[in-house]
Structures are given as C-alpha cells and as structure tokens.
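Novice: Sequence:
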Amino acid sequence: MAGTSARYVIEQGCLSGSAWKACEPFLAVLGSNVLPPDIKILAIEVYRKLLLASVELTTRDRSHAKALSAIQTCGNPRTALLAALEADDNELQLAALTCLATLFQNLLENAFLDNADEQVAAARFLKFATHPERRFHVPMLSIIDSISRYAHGRAFLRGTRASEALRDMIVEISTVAGGLAPEEAALVGSNAALICKSFCRVEFAKEQPLARSDESALSKAVVFPAIDAMVALLRRDVSGALVASETAPVTTAASQPPSAAVPSSLARLPSDTCAVVITSLGRMVQVSEKCKARANEQGVLPVLLDCLKIAGDDDLHQVADKLMHLCILLPGNGDSHRLNVNPRILSVRDDVADLSSSDSSGSEQAQNPPNEGPPFLPVESVVALLDLPSPPGDKRLLFRVVRWLAALVVCPKNAQVLGESRAESFLRLLLETSPQNDLLFGFLAKAAARARYGDCDCARCLAQGSRRFDGVGCELNALRAAMCG
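Numbering-wise (the numbering used here), the sequence shown opens with residue 131 and increments by one.
Calculated from the structure, these hints are not laboratory results.
Please note that the accuracy of each hint is not assured.
[What the hints assert, rightly or not] Ranges of calculated distance between the beta carbons of each label pair, as one might list FRET restraints:
1) P262 to S520: 41 to 51 Å
2) D568 to L182: 49 to 59 Å
3) E419 to P312: 36 to 46 Å
4) A253 to T409: 43 to 53 Å
5) V373 to V176: 39 to 49 Å
6) N470 to A253: 36 to 46 Å
7) T305 to Q448: 26 to 36 Å
8) S193 to P155: 23 to 33 Å
Backbone N, C-alpha and C fix where the C-beta goes; we use that ideal spot for every residue, glycine too.
Hey, can you work out the whole structure from these sequences and the hints?
Specialist: Right under this line is the structure:
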C-alpha cells in the first residue's frame, strides 16, 4: 500500500496540470521559520522515501527516469537540504545530511555536480568530518564518496582540502583507544572503507600528476600519515583476528610500532573493508615508488602475510597477494624480461626492520634507499606459509604463496637467504604435486632450484615451466635425491 501511495504522489507530481510539482511541497517546509524541527524532519523523511521509491521504479523501468529527474531538481532539494545543515538541531542536521547522501548516491547524471557553488557545498559537508558524533560521519563520507567518482567532483574536493580531512579521519580511526560502545565501534569500521576509497580517488585518480609517476606532486605531509594509518589499521585488525583464532602473526615486536596494540573492545573490521584498505594501499604503491617505500618501512608485508593466514577468505587473499607482488618490485632496470626485485625482503633471523621509532609525521626525514637497509621479513615465517592448511583439493592459497616466492627469488640475494635448507620445503611440495598442475609445479621448481643453486643455468632451466621438465630430468632427480637423502 505504501508503495502504491508513493507511486501515485510521484506520478501526479509529473502531470502538467498537477497542484504540485514533484516533491516541492515537502521541500518548502524546510524554508519555514515557524515550523518546529520535528515537522521539518518528517518532511525530509517523506522526501527521502519518495526519492528512494522513484529510484526503485526507474531501476525497473527507465521510462520513470523523467520523474526521478524532477524529484532531484524541482524545488532545488540540494539548496533546501544544505540550508537545513545550518540548523541548531542535531537531529534535523542528521536527517538533512542523510537525505543529501541518498540524493548524491542516486544522481541520474553528473551534470548535477557542474554548478560553481559545489565547492562551497563540499566544504559544508566536510565540516562534519570533525563532528564529535560518529553517526554524522557515515552520510558525510557517503556524499564525499559519491562526489569523488567524477573528475570535476574531485576538483571540488581538492579545492576544499578534502584530502587533509580524510587523512585526519583515517589517522584518528587507526589510533582510537578501546572503551567504545559496540555501536560506535561498528561505525569506526564501516567508515574506514569510504575514507580510504575517497582519499585515493582525490589524490591518485588518473587525471592527477601522481598517476603519471610525477613524484614531485606527492604531498608527504598528506599521503604518508594516511599510509601509516592504513597499515596500522590493518595490523591491528588482522593481528586481532589471528589472536582470536590462536594463530601466531608474522608481525613481531620489532616490526610493529608501539601504537599497534590491539584494543580488545573494538569490533573487527568486516573482511570487505580490509580488502578496500589493502586495495587503496595498492593504488598508492602502484603509482608512487615513494609510497611503496613508505608502506614497506611501515611493515605492510608482514601484515599482508598475516592476511593469508585468515582461513577461507579468498577475496582478502587475492588483494593481499596483489599488493605483496607490488611491494617487492623496484623500478625497472631496462630489461623487460626480468623482474627487478628488492633484495632486502628476507632476513635469516628475526632482525626485521625496526619500525618502533619510525617517524609517521610525514615530514622530511633521512630514509634508506628502497634497496638498502634492514630486511622486512624473517625467512622462517615466510616458509611456514607453505604449511598453511587448505580445503581438500583447493590449492589457491598454496599457489599464491609459491608464486610470490618464485618472484622473490629472482633476486639472488633473496634466493641466498632462502638457502638450501629452505629448498627442502619446496622439494617436498614438488614431490606431492602432479606435473599436470603446470603453473604450481613450475613455480615450485623455480623456487626450489633458485634457493638450492642460486642464479645458475639449471635454475633457469627449471624455471621454464613443466613443458621443459623432461629435458632437465637429471636436475630434477638431483633435487629429489637431495630431498630423500
């Protein structure tokens, strides 16, 4: 019945002889100086429900698009709702902000964002970034997310220094102490995905100089604290998940800053939120070598390896796997046929990079070149990933780990650290893997050969893939003999 009534109001508002146009009567209530806030809140709720009903009708039948366009424009709903944001009543502000979020989420065309006053509107939305009540952050971030989907919307946001506001929000979330109510703890997690996505769009969208590898355009004071916060947020959440499942994390006391303690009262981030944070880091790492170096110095690799320990979450494993590959690469050396892999990834002992005293302020500081300095990962923790349990017949997780290690040992120094003793782990798996599983078999052979023999001819032969194994049977037999002996 409610749907029928909404459809009647929508259709009548589009008739030329109608007593009202679209939803103008409800929007007119907001301009009254005599009506109390609760009446205005009801008017906003009615308008929002009619808007959502029109969106649903248009989704089913595009012939209703004209009615939706009228509801979005007649009576200038954006101006009316923006004015309501200036009210002294908190609930009226929240109702207006929530309705604006619904409006921006369902724009028919981006021309709605072309007005010159959008920058002023964006600045008004961003004022709620510092609102003491987190429930205001959800609709505000939804609006920013919607605006950031368009190139001219991102221009508006850059003009209002949105990146700095978003940076401050993710830093605040990453350092929040325990003691939050369950509802507020859930809001902390739900906001993180929108913050990270919007931040990356504004700073690293394709039209930005950074996306064209112009490192001079990088604002360390804005970007570096955001990277630090994202890594810390992931570390806290993933470590908490592993502690809850009695799984030892890769991160050690030396590889995490003092702020990385896990507040037990915080709700875990949803898995898809963790995936968004990792994807956002991946975008930054992909377009900026400085961002890659910063993420590595902050200990992102141990956190990503810990992500692989979370059982049964293939979507999380996939994004973690992609970022792991990005983090080990250095800029190309002119040889397009060979990966240029960072030589400081693996350590023989647990003397990984000590991040406890790292400067996360984003200010200029002396840093090691990306291929110099202490290593990032203890080798035993990496090899232990080969023994992670997988569902019967499901080799996806093992394949991800082996493929990454096979890329890692392209660098002779990493292969040397992996060493002959660790090669036995690969040999054991090699003996258990059918040659018909071409890719897994080939990556295992490559990792085993390079770990045992280094960068030599037999390693190159074994790296060619399973189609060449008949021709190098003597080398494979030697590896098997070493394993069995």
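Novice: Hints first: check each against the structure and report whether it holds.
Specialist: Status of each hint after checking the structure:
About 46 Å separates the C-beta atoms of P262 and S520, a value consistent with the hinted range of 41 to 51 Å. Taking 49 to 59 Å as the suggested C-beta distance range, the pair D568 and L182 conforms, at roughly 51 Å. Distance hint for E419 and P312: a CB-CB separation of about 41 Å, consistent with the stated range 36 to 46 Å. Evaluation of the 43 to 53 Å hint for A253 and T409 yields a failure: the beta carbon distance comes to about 28 Å.
A hinted range of 39 to 49 Å holds for the C-beta pair V373 and V176, which are about 48 Å apart. Checked against the hint of 36 to 46 Å, the C-beta distance between N470 and A253 comes to roughly 44 Å, which is consistent with it. About 29 Å separates the C-beta atoms of T305 and Q448, a value consistent with the hinted range of 26 to 36 Å. Look at S193 against P155: about 24 Å separates their beta carbons, and that is inside 23 to 33 Å.
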